[in-house]
Structures are given as structure tokens and as C-alpha cells.
Amino acid sequence: MRVLVAAPIHKDALKLLESSGFEVIVKEYPSNNELVKLIKGFDALIVRSKPLVTRDVIEAANKLKVIGRAGVGLDNIDLEAAKEKGIAVFNAPGAPTNSVAELAIGLMLAVLRKIAYADRNMREGKWVKKECLGQELHGKILGVIGMGRIGRAVARIAHHGFGMRIIYYDIIRCPREIEEELKAQFLDLETVLSEADVITIHVPLTPQTKHLINEERLKLMKPTAILINTSRGGVIDTNALVKALKKGWIAGAGLDVFEEEPLPSNHPLTKLDNVVLTPHIGANTIEAQERAGIEIAKKIIGFFKGK
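For what it's worth, numbering that gives the first Met the number 0 labels the leading residue of the sequence shown as 0, then goes sequentially.
Bear in mind the hints are in silico, worked out from the structure with no lab data behind them.
Careful, some of the hints might be misleading.
If you anchor each label on the Cβ, the simulated ranges turn out as follows [claimed, not checked]: (1) G160 x G305: 42 to 48 Å; (2) S193 x N31: 41 to 47 Å; (3) S18 x E178: 40 to 46 Å; (4) G20 x E83: 27 to 33 Å; (5) E123 x L78: 45 to 51 Å.
Note that beta-carbon positions come from the ideal geometry of N, C-alpha and C, so glycine has one too.
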């Protein structure tokens with residue numbers, strides 16, 4: 000069996016595939032045209048958030064039986080095209096949970112304490128102590144939008160570590176034991192947005208969640224509240240967010256994901272001091288990449304061995 004690894008994965012995952020009898024070819028981040036040409040003759044394909052696995056790629060794949068996404072989101076894979084050809088698609092949903100949750104907490108602290116703003120000014124020889132009057136995270140109300148694995152992990156850190164009160168919105172209510180552990184209250188989206196001091200987003204990008212956070216909903220937030228997004232950029236209407244940040248509808252934002260990636264250097268978000276930006280690094284830790292690679296390698300091995 001031949002496996003095309005089209006994105007960097009942990010070396011132990013590659014060794015696991017090879018020791019299980021797979022021929023492994025690594026070609027990191029090929030273009031769409033390159034991938035269309037490369038995919039012929041491969042039984043399995045492994046990607047991360049890149050490259051895109053388009054219908055063209057899937058239709059060109061004459062032997063492909065399985066696509067493995069070493070991570071969570073599947074929005075870079077044409078799932079309908081894969082389904083039509085009977086190609087299985089796996090991901091590694093548990094791998095990045097801790098890493099993304101920790102980054103979300105880090106962004107909350109960075110925004111509320113103006114850490115990035117202070118650092119930038121210090122490097123320019125400016126002592127901006129007065130301008131860096133911040134807010135504590137302790138005791139605030141955390142609004143979690145999407146209470147899956149990562150949302151719950153963020154809520155646990157926030158509740159147990161910072162004494163935050165947890166309110167949340169999801170299309171499916173959490174089990175009672177989760178709500179009791181976190182003293183979490185299930186509310187509608189509009190109420191969560193209007194009551195929370197910190198909003199953190201943890202939903203996949205789907206037609207239903209596209210621009211879930213729009214101008215109307217941003218106006219519901221407190222002017223002292225901040226918005227954190229480590230899920231997918233398209234969940235927020237970027238133009239509306241820029242407007243909200245400029246007009247003071249909300250106090251700030253911490254963003255790891257964007258509608259356009261890479262984010263252009265001249266993007267309006269880069270000109271705002273009340274925003275902390277990171278380049279989609281939520282799952283970019285040694286530990287998460289090792290877990291993701293090994294988890295997806297095991298799933299591919301199991302698929303071909305009928306387990």
C-alpha cells in the first residue's frame with residue numbers, strides 16, 4: 000500500500016506506517032495542480048489544514064481509498080466528492096485539544112493585560128504603563144460557543160484555574176455531569192453574547208456557522224468584553240469585527256484564525272492595537288503534532304487491516 004504524506008507529520012507516525020508495511024512518500028504542501036498529478040497510484044493520503052483536497056484531486060485519484068486529516072477540521076477536504084467515490088475520511092479530533100485550549104487562554108490574558116501592545120512599545124523605547132491598564136481574568140464570565148472537546152477544555156482551565164463562571168451555547172446540550180463539574184449554564188446564543196465578559200469560539204466552519212458572529216451579534220456584546228477565536232476564521236464576519244473594534248462595541252479580540260490565510264500584512268486587523276494576532280498556531284505544538292500524526296497513522300493502518 001502506498002501513502003502520500005502531503006503535509007508535515009511527526010517522524011514517529013512515518014515510522015509507524017513504514018513498520019506496518021506501507022510505502023511512504025512525503026511531498027509537503029503541493030499545489031493543487033501538483034497534487035492532481037501526484038495522487039495517481041496512491042492508496043492513502045495524509046494532509047493537515049493544507050493542502051486542499053479538491054474534487055479535481057479526488058477525481059484524479061485512481062486508487063485512493065482513504066484520506067487522513069492529521070488534525071480536526073475537515074473544511075479543506077471535499078467531503079461530498081470523497082463520499083461519491085467511496086473514499087473514507089478520518090481525522091484526529093482529540094490530538095490538539097490541550098494545545099488549542101491553552102492558546103485560547105493565552106490569548107485571553109494577552110488581550111486583557113495588553114501584553115502584545117506593551118511588548119511592541121517597549122521595543123520602541125516607550126514606557127506605556129499608564130496605557131496598559133488591563134482587566135483580570137479571575138472571576139469573569141466566560142461564554143463558550145461550541146462546547147465540544149476544546150470548548151470543554153477551555154472551560155475547565157477557566158473555571159478551575161481562574162474561578163470563571165461558565166455559560167455556553169451549542170446545538171447540543173452537554174451531559175449533566177459536565178454542567179455540574181463546570182457549574183456551566185446552557186443558554187441561547189444571544190444571551191451568551193450579551194452576558195459574557197469573554198467569548199471564546201470553538202465550532203467547525205459549516206454553512207450554518209459561516210459568519211455566525213456578525214455585526215448584529217457583535218453589537219450584543221458588552222463594550223468591555225473581548226472575543227477569542229481559535230476555531231475557523233469564517234465563523235466571524237471579519238469586516239464587522241474590524242468595525243466593532245474601531246467603534247468600541249467590544250474592547251478587544253484575540254485571533255488565531257482568519258477568513259484569509261495567510262493574513263495580508265496590510266489587513267485592517269494588523270493596524271489595531273486592541274487585537275492580538277497569531278498565525279493559526281493553535282495545534283502547532285510538539286505534543287499535538289505527535290498525537291495527531293500517530294492517531295491518523297493508526298487509523299489508516301487499522302482501515303487497511305480491517306480493524
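We went through each hint and held it up to the structure:
no.	hint	verdict
1	G160 x G305: 42 to 48 Å	43 Å, holds
2	S193 x N31: 41 to 47 Å	43 Å, holds
3	S18 x E178: 40 to 46 Å	44 Å, holds
4	G20 x E83: 27 to 33 Å	29 Å, holds
5	E123 x L78: 45 to 51 Å	47 Å, holds
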